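Chains as they are written, first to last, in the UniProt record's numbering: chain S, 1 to 320; chain W, 1 to 320.
Note that these hints are calculated values from the structure, not bench results.
This one's a predicted model, so the numbers in the text were calculated from it and none came from an experiment.
A few of these clues could be false.
If several chains are the same, the list does not tell them apart, and a pair holds so long as it fits within one copy or across any two.
Unchecked claim - Within a straight-line C-alpha distance of at most 30 Å, the following computed DSS-like cross-link-like pairs (lysine-lysine) qualify:
| hint | residue 1 | residue 2 |
| --- | --- | --- |
| 1 | 56 | 123 |
| 2 | 56 | 128 |
| 3 | 56 | 271 |
| 4 | 295 | 123 |
| 5 | 284 | 265 |
| 6 | 128 | 271 |
| 7 | 128 | 265 |
| 8 | 128 | 70 |
| 9 | 284 | 295 |
| 10 | 56 | 70 |
| 11 | 295 | 56 |
Protein chains: 2
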Amino acid sequence: MHVNITPIQSCIMVLASEINSPLESSQFDLSAYLTQRQTLVEQALDASLPLTYPEKIYEAMRYSLLAGGKRLRPILCLATCELVGGTVEMAMPTACALEMIHTMSLIHDDLPAMDNDDYRRGKLTNHKVYGEDIAILAGDGLLSYAFEFVATQTLNVPAHQVLQVIARLGRAVGAAGLVGGQVVDLDSEGLTDVSEETLTFIHTHKTGALLEACVVCGAILGGADETEIERLSRYARNIGLAFQIVDDILDITATQEELGKTAGKDLTAQKVTYPSLWGIEESKRQAQQLIAEAKAELSHYGDRAIPLLAIADFITNRTH
Amino acid sequence: MHVNITPIQSCIMVLASEINSPLESSQFDLSAYLTQRQTLVEQALDASLPLTYPEKIYEAMRYSLLAGGKRLRPILCLATCELVGGTVEMAMPTACALEMIHTMSLIHDDLPAMDNDDYRRGKLTNHKVYGEDIAILAGDGLLSYAFEFVATQTLNVPAHQVLQVIARLGRAVGAAGLVGGQVVDLDSEGLTDVSEETLTFIHTHKTGALLEACVVCGAILGGADETEIERLSRYARNIGLAFQIVDDILDITATQEELGKTAGKDLTAQKVTYPSLWGIEESKRQAQQLIAEAKAELSHYGDRAIPLLAIADFITNRTH
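Given only the sequences and the hints, what does the whole structure look like? Please build it.
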C-alpha cells in the first residue's frame, strides 16, 4: 500500500537490523534476549507516537504507553513471527499496536468507575495525572491509533494478511475478548460463589484473548499456515491462563514494591481467584501443567522455538 | 480474504438488492431516498451485532447503536461509494463501522467525567441505563468491533483498499481527529475568549474528521483515484463545517423536543460558538457559502451526484 517508507518505518528497520537471530540452545540467555527485545520495543513505541498539537492528549497517551512494563506482549508477537520464518520488521508495528491496546485497557480499567486504582507500574494512574476525561480519551486515542498504525506501518506483508491481523486484534479487545472478560469480572465482584467456569471465562477473555492475539498475529504476519496458527494458539492459550494463575498467586505472595501496584487487592476484595478455589500449591501445579502443555506444542520447531519455550518458563518463574 | 460468505454478509447483500439506483434529477425525492437508506442501515446495524454471552455488554452496545438518529454518516459513505462507481454492498460494512465509531464517541462524550449528559436522541444516555463502567466498556467494544467488522465483512474490494479505509477510520477517530477535537473542546470550556481558529480546529476534528472519513472511505471502497478522493474530501470538509455551524444555530433556535437532547446548552455554558462569534444571520450565510462550495466540487459528476448534492442542502435546511 505504501511506496514511500515513513520515518517510523525506517526507524523500525534500523532498530531491527541491530538484532541477532535467536541463539542456539546451549548459549541462549533469556534475560539478555528479553532486555534486548524490550529495548527495541521501547524505542519503537517512543517513535510511534510523536508529540504534536494538542500536546495534552499525546502526553497522556505517551505517559501510559511509555510507563515501562515487561513488554511481554510485543515480545511474544515478534518471537512468533520469527519462529514461523518472518522478520522483526514485519511484526514490529503490530507488536507496538498490541502494547497500545494493552495500555488502553489498563487506563480504562484504572478509572474510578472501574477498578479505581491510583497506581500502575509504580506510577500514578493516567486519570490521577491528567483527569478522568483525558484518561478516557487517551484510551480511545490509543485504541484507534493501534489499528491505524498496523494498517499504515506494516511493510513486506501481503495486505490480506494485515487485514487478518486487524480482525484478530479487534476481536481480542472487543466484547468477544477483553471487554467481555471485563464485564463478567465486574459482574462477579463481591460474589463469593463464582464458579471455576466463570473464573476461567474471565481470564481467557480479560487477559488470555490479547496474549493469544500476540502469538496468532505474529504467526499470521510471518506467513504461518492454518495448522501452525492453531498450534501456536494452543501454546498462547495455555501460557495465558498460566500467566493469570501466577498473577493471582503473586497478588497473595508478592509485596507492593515487587508488583509496582497495590498488592493483596484480591484478598481485601474477597475476590474469587484460582488460589482461593484450589489453594496456592495446587494453583502452582496447574500453572506448571499448562506451561508443560504449551511447550509440547512447540516440540517440532526444534531450536527455533527456544525463545518461546523460555518465555513460557519465565511466566511461571517470575516474581512480579 | 474470505471464501465463505458470512450470515451478516448475505444479509447485507439481500438488503442491498432491494435498493434502486439514484433517480434522475426531476424525479429525485430526498426524503424517500434518506428513509430508504436509513432503513437499510438500521437493518444492517441490527444484524451486525447479535446478542450473545455476556449479554449485558451486547445489550449496552446495541442500546446506543440502535437508538435511531439520521444515520447521515453511513448514508454519506454509501452514496459516495455509488457515486464513484461502487456498490452499496461494498460500502455497507464500513458504513456500519462509521456508525459504531460515532456511537462510541457519543457514549463516552456523555459520561459524567465528560459532558455529563442524561439524554441523547430522546433516550437516557448509556451510563444512566447501564452504569459508567459498562458505558466505558460498551464504547471500547464498539470501537474495536468497528475495525474488526470492516476487516472481516468487506466483500469484493481489494485488501489494500480495505487497509486504506481502516487507516482513515483510525485517524479520524484518534488524537489526530475526533479525540483531538474533544480535548481542545474540553480545554476551551468556560473560556469566553476562544479564537475562531481554535473553534474551527475543534469542529473540523470533533465532528469534521469523521464526516470526512465517511465520504473518503466510501470513495476508496468504490475505487476512486487520488484526484477524486481529494475533491470529495473538500466536499466533505465543507459540509462538515456547515453541519456544525447549523448545529450551533439549532442549539439556540430549536426546542429540546426537536433536538432530542438538551437545548440551549451552549448558551447556559457560555460556550463560544459560531453564532456567538458571528451572530446568527452571518452564521447562516457562512453555512450556505460552505454548502455552495461543497456542491461545486461535485459539478462534473452530473446527475450521479444528485444524492450528495441533496444531502448538502439538507444539512443547512434541517431543523434538528
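Check your understanding: Against which earlier hints does the structure fall short, listed by number upward?
Key -> Going through the list in order, the structure violates hints 4, 11 and respects the others.
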